[in-house]
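J.: Residues per chain are reported as follows:
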Amino acid sequence: MDLNSLWFVLIAVLYTGFFILEGFDFGVGILLPILGKDDKTRRMMINTIGPHWDGNEVWLLAAGGATFAAFPEWYATMFSAFYLPLFLLLLALIVRGVAFEFRSKDQNPQWRSLWDWCIFTGSLVPPLLLGVAFANLVRGIPINENMTYTGGFFNLLNPYALVIGLMAVAVCVLHGAIFLEGKTSGELRAASHKAAVRAWPIALLLVITAAIGTYLSTDIVTQLGVNPGMIPLAGLATLALAGYFVRKNKTGWAFLMTSGTILLTLATYFLIMYPNVIVSSTDPAYNLTIYNASSSPYTLQVMTVVALIFVPIVLLYQGWSFWVFRGRITEESHLEY
Amino acid sequence: MDPVTLARAQFGVTTIYHFFFVPLTLGLSFIVALMETLYVRTGQDVYRRMTKFWGKLFLINFAMGVVTGIVQEFQFGMNWSEYSRYVGDIFGAPLAIEALLAFFLESTFLGIWIFGRDRVNKYVHLASIWIVALAANLSAFWILVANSWMQEPVGYVIRNGRAEMVDFAAVVFNPNIWTQFPHVISSGLTTAAFFVLGISVYHLARPGDAKDLYRRSFQIAVVFGILGTVGVIMTGHSQMQHMVNSQPMKVAAAEALWNTEDPAGLSLFTIGDTKNRQDVFAIRIPGMLSLLAMDQLYGEVQGINNLQAEYEQTYGPGDYVPPVFITYWSFRAMVGAGFVMLAALAYALLLSLGEQLENLPRFGKVFLWLIPLPYLANTAGWLLTEMGRVPWIVFGLMTIASGISINVPAWSIGLTLMGYTLIYGALMVANVYLLAKYARQGDAPPAAVEPEGVPALYLVGD
Numbered sequence: 001m002d003l004n005s006l007w008f009v010l011i012a013v014l015y016t017g018f019f020i021l022e023g024f025d026f027g028v029g030i031l032l033p034i035l036g037k038d039d040k041t042r043r044m045m046i047n048t049i050g051p052h053w054d055g056n057e058v059w060l061l062a063a064g065g066a067t068f069a070a071f072p073e074w075y076a077t078m079f080s081a082f083y084l085p086l087f088l089l090l091l092a093l094i095v096r097g098v099a100f101e102f103r104s105k106d107q108n109p110q111w112r113s114l115w116d117w118c119i120f121t122g123s124l125v126p127p128l129l130l131g132v133a134f135a136n137l138v139r140g141i142p143i144n145e146n147m148t149y150t151g152g153f154f155n156l157l158n159p160y161a162l163v164i165g166l167m168a169v170a171v172c173v174l175h176g177a178i179f180l181e182g183k184t185s186g187e188l189r190a191a192s193h194k195a196a197v198r199a200w201p202i203a204l205l206l207v208i209t210a211a212i213g214t215y216l217s218t219d220i221v222t223q224l225g226v227n228p229g230m231i232p233l234a235g236l237a238t239l240a241l242a243g244y245f246v247r248k249n250k251t252g253w254a255f256l257m258t259s260g261t262i263l264l265t266l267a268t269y270f271l272i273m274y275p276n277v278i279v280s281s282t283d284p285a286y287n288l289t290i291y292n293a294s295s296s297p298y299t300l301q302v303m304t305v306v307a308l309i310f311v312p313i314v315l316l317y318q319g320w321s322f323w324v325f326r327g328r329i330t331e332e333s334h335l336e337y
Numbered sequence: 001m002d003p004v005t006l007a008r009a010q011f012g013v014t015t016i017y018h019f020f021f022v023p024l025t026l027g028l029s030f031i032v033a034l035m036e037t038l039y040v041r042t043g044q045d046v047y048r049r050m051t052k053f054w055g056k057l058f059l060i061n062f063a064m065g066v067v068t069g070i071v072q073e074f075q076f077g078m079n080w081s082e083y084s085r086y087v088g089d090i091f092g093a094p095l096a097i098e099a100l101l102a103f104f105l106e107s108t109f110l111g112i113w114i115f116g117r118d119r120v121n122k123y124v125h126l127a128s129i130w131i132v133a134l135a136a137n138l139s140a141f142w143i144l145v146a147n148s149w150m151q152e153p154v155g156y157v158i159r160n161g162r163a164e165m166v167d168f169a170a171v172v173f174n175p176n177i178w179t180q181f182p183h184v185i186s187s188g189l190t191t192a193a194f195f196v197l198g199i200s201v202y203h204l205a206r207p208g209d210a211k212d213l214y215r216r217s218f219q220i221a222v223v224f225g226i227l228g229t230v231g232v233i234m235t236g237h238s239q240m241q242h243m244v245n246s247q248p249m250k251v252a253a254a255e256a257l258w259n260t261e262d263p264a265g266l267s268l269f270t271i272g273d274t275k276n277r278q279d280v281f282a283i284r285i286p287g288m289l290s291l292l293a294m295d296q297l298y299g300e301v302q303g304i305n306n307l308q309a310e311y312e313q314t315y316g317p318g319d320y321v322p323p324v325f326i327t328y329w330s331f332r333a334m335v336g337a338g339f340v341m342l343a344a345l346a347y348a349l350l351l352s353l354g355e356q357l358e359n360l361p362r363f364g365k366v367f368l369w370l371i372p373l374p375y376l377a378n379t380a381g382w383l384l385t386e387m388g389r390v391p392w393i394v395f396g397l398m399t400i401a402s403g404i405s406i407n408v409p410a411w412s413i414g415l416t417l418m419g420y421t422l423i424y425g426a427l428m429v430a431n432v433y434l435l436a437k438y439a440r441q442g443d444a445p446p447a448a449v450e451p452e453g454v455p456a457l458y459l460v461g462d
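If you read the protein sequences in the order shown, they are chains A and B.
Each step along the first sequence adds one to the number in my numbering, with nothing skipped, and position 142 is 142.
Each step along the second sequence adds one to the number in my numbering, with nothing skipped, and position 80 is 80.
This is chain A alone, in the form it adopts within the complex (with noise of 0.2 Å):
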């Protein structure tokens, strides 16, 4: 494997552990004002991520990081195509990391529930944007010879990338539904338990109205074939299999499976894209790929060691900090936030 396939890997990994991450914290942040009825319900809710959403959000951090350091042209492009969905993501992440540490630190009701709301808005919008986004950039957005869009705002609403944002939400709520269920105890976690059953269907149903709508909109055929193989087949599984562990209070393995239904998805996602990184629908010529859109060798090695070196170890303090913080949350528990 070249060095440009392994950092489009690597970029895939980041994006996917920032999915599977920060997904059920989204989840988390939009149950908030469905499941919880009082202000110590909501503070548990929060305090199951109290801990994790900031380290989460870094995945994405790192992701666009590493999209300027191995493919700056990718970044470039992207993130000046995708400028007014960027500025209201920008937003949303703004107000939902502020809400979180300054929720708790004022006891009147009103301003509580000023940042719930930021918080439920935090978390909806950006796996909506994303989910846009990513649709976008698999469909074909009008790129030009040099890079660069030519399409305004209105070019990136189509049917098929809200039907992708709205797949998005509705995976992050079923995730962080699954989340709270086994991280807390009493009625939140039976009511957790509520929302996971009910949001399991549609989550169902607009993976099933995505994937049609894949066929429809991408080059899937052409890339993986009619019969697109293991991965998205197994995606679609495991989410049937959330469903049934949820139902049989297997928490654990319903969770494992919801992330599954993220991972897989993700993969087939980057395994359609490969080796391009933004389709152009102007003319296939003009697409980024792994190869137009990527930094020189010497960079591509150079981050290569940094990240072979620094991959691993984020991978286990950030491991060891979600062992700390297991076992659930209760009505005793010391809230902070």
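Mixed in with the good hints there might be a few duds.
What the hints assert, rightly or not - Calculated cross-link-like contacts (lysine-lysine; reagent style DSS-like; alpha-carbon spacing at most 27 Å):
{"#": "1", "chain 1": "A", "residue 1": "K40", "chain 2": "B", "residue 2": "K437"}
{"#": "2", "chain 1": "B", "residue 1": "K365", "chain 2": "B", "residue 2": "K56"}
{"#": "3", "chain 1": "A", "residue 1": "K194", "chain 2": "A", "residue 2": "K37"}
{"#": "4", "chain 1": "B", "residue 1": "K211", "chain 2": "A", "residue 2": "K105"}
{"#": "5", "chain 1": "A", "residue 1": "K105", "chain 2": "B", "residue 2": "K437"}
{"#": "6", "chain 1": "B", "residue 1": "K211", "chain 2": "B", "residue 2": "K437"}
{"#": "7", "chain 1": "A", "residue 1": "K250", "chain 2": "A", "residue 2": "K37"}
{"#": "8", "chain 1": "B", "residue 1": "K56", "chain 2": "B", "residue 2": "K437"}
{"#": "9", "chain 1": "A", "residue 1": "K40", "chain 2": "A", "residue 2": "K105"}
{"#": "10", "chain 1": "B", "residue 1": "K122", "chain 2": "B", "residue 2": "K56"}
{"#": "11", "chain 1": "B", "residue 1": "K56", "chain 2": "A", "residue 2": "K105"}
{"#": "12", "chain 1": "A", "residue 1": "K248", "chain 2": "A", "residue 2": "K194"}
{"#": "13", "chain 1": "A", "residue 1": "K40", "chain 2": "B", "residue 2": "K56"}
{"#": "14", "chain 1": "B", "residue 1": "K122", "chain 2": "A", "residue 2": "K105"}
{"#": "15", "chain 1": "A", "residue 1": "K250", "chain 2": "A", "residue 2": "K105"}
{"#": "16", "chain 1": "B", "residue 1": "K56", "chain 2": "B", "residue 2": "K211"}
{"#": "17", "chain 1": "A", "residue 1": "K105", "chain 2": "A", "residue 2": "K194"}
{"#": "18", "chain 1": "A", "residue 1": "K194", "chain 2": "A", "residue 2": "K250"}
Unchecked claim - Here are a few chain A residues that face chain B, going by a calculated C-beta distance under 7 Å:
{"#": "19", "residue": "L61"}
{"#": "20", "residue": "A69"}
{"#": "21", "residue": "Y75"}
{"#": "22", "residue": "F87"}
{"#": "23", "residue": "A92"}
{"#": "24", "residue": "L93"}
{"#": "25", "residue": "E145"}
{"#": "26", "residue": "Y149"}
{"#": "27", "residue": "S296"}
{"#": "28", "residue": "Q301"}
{"#": "29", "residue": "V302"}
{"#": "30", "residue": "Q318"}
{"#": "31", "residue": "G319"}
{"#": "32", "residue": "F322"}
To be clear, the hints were calculated from the coordinates, so they are not data collected in a lab.
C-beta atoms are modelled at their ideal positions from N, C-alpha and C, and glycine is treated no differently.
Mind docking chain B on chain A? Use the hints.
T.: Relative to the frame of chain A, chain B by itself:
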């Protein structure tokens, strides 16, 4: 307005705003880490309460720094995509490394520090805040590696129509970074020290039973403040000496030195005619600029007009003069603030050596009003650094105007500029409200009952 002006305004607004929170994070993390170390070593309850009090303020400020930092990483691609294409082979690396080495550490261990009191032992808890402090400062290092390359491009060749890295070590060991990084770290310590001094005297000047806590906080801050301020002046001085060679135009603009002089005088006060590039009124100390720049009373310092002529020969026709008014006055604001802070610290040292902190003299309250001073210096410093590079986005390689995203219309940049300004303004209100609330509230006993008298270091009670 044209897209370049709007994009520059956006970079200015978002970066200055971001750097409002960063220095306090950089410095206060070490101060809080030291306080917790004292608690773990001595077991004295005053250090636990101290860590908790300053830790709370640290966290409020930290959150703002983190979220505004995300904008910075995205902005290069959004507004400056031609720049990103041209320099991404070099500039992207430190940004990615920053995320990989620093952001992950910082965020994960901050999570342990905030939430982990019941789950890890006190040594791991203590180690967490030290890791956060080191990671925050490490993050500053890598972003300054990126900025240094814009000031002084090294370790590259121009190939395939862009700058390509040929020597990573040269980029990391850029001579510019080794004066800039210590300067920024020192400014962080200074900012945090004045923050602690100011809030401490507020409590020392009023009746209350936590005098001991604030007296000791004041003393700790004096030590950090002296280290920081002396450091910031010394490293600032070596930065200037380096810049005379690497970016002479920036020095000339900061001094409003229109023509090359030997020996060169230091401007104390200049009213200049920036259009015709000459003094209207000026007081200069003869030979002083040569002395500062080269450690001797003679020596040539290049002037704006001479450099302009030289650059026209090298780079072709164009205006290579940075905005002299801004660079000249921001330089003076920064240096002036630096020396006022040094004097203030001498006074603080005097106060903390005797018994005077217990019965604070009326004038001691002055420290409350000095909290903004390092902020002024930090902002002025960055204005000088970035404005002094105009018209270059990368010195000598690429102009600002050619770095902009060509596909983003002006109205989009204007709209987002407005959006950031509004949301940042609102968040600033909330941030200042919380900081003031907790700073004022002081070391009030928490309402929550702590389990079985174990002095747990919970950061936030109900």
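J.: Check whether the Cα positions of B:K122 and A:K105 lie no farther apart than 27 Å.
T.: 25 Å, holds
J.: Taking only the CA atoms, is the gap from B:K56 to A:K105 under or equal to 27 Å?
T.: The hint holds at about 9 Å.
J.: For the hint on A:F87, does the least C-beta distance to chain B fall short of 7 Å?
T.: Result: holds, 5 Å to nearest chain B Cβ.
J.: Is it true that the CA of A:K194 sits at most 27 Å from the CA of A:K37?
T.: 14 Å, holds
J.: Check whether the Cα positions of A:K40 and B:K437 lie no farther apart than 27 Å.
T.: Since the Cα atoms of A:K40 and B:K437 sit roughly 23 Å apart, the hinted pair holds (cutoff 27 Å).
J.: Straight-line Cα separation of B:K211 and B:K437 no greater than 27 Å?
T.: 19 Å, holds
J.: Between the alpha carbons of B:K56 and B:K211, is the straight-line distance 27 Å or under?
T.: Status holds; Cα separation ~19 Å.
J.: Should the interface hint for A:Y75 be scored as holding, given a Cβ-Cβ cut-off of 7 Å against chain B?
T.: Holds - the Cβ of A:Y75 comes within 7 Å of chain B, reaching about 5 Å at its closest.
J.: Taken at face value, is the distance from the CA of A:K37 to the CA of A:K250 at most 27 Å?
T.: 25 Å, holds
J.: Verify the proposed pairing of A:K40 with B:K56, using a straight-line Cα cut of 27 Å.
T.: 21 Å, holds
J.: Please verify that hint: A:E145, Cβ, nearest Cβ of chain B, below 7 Å or not.
T.: Violated. Min distance 13 Å.
J.: Taking only the CA atoms, is the gap from B:K365 to B:K56 under or equal to 27 Å?
T.: Roughly 23 Å between the alpha carbons, so the hint for B:K365 and B:K56 holds.
Hint compliance for this structure: hints 15, 17, 23, 25, 28, 31, 32 are not met, and every other hint is.
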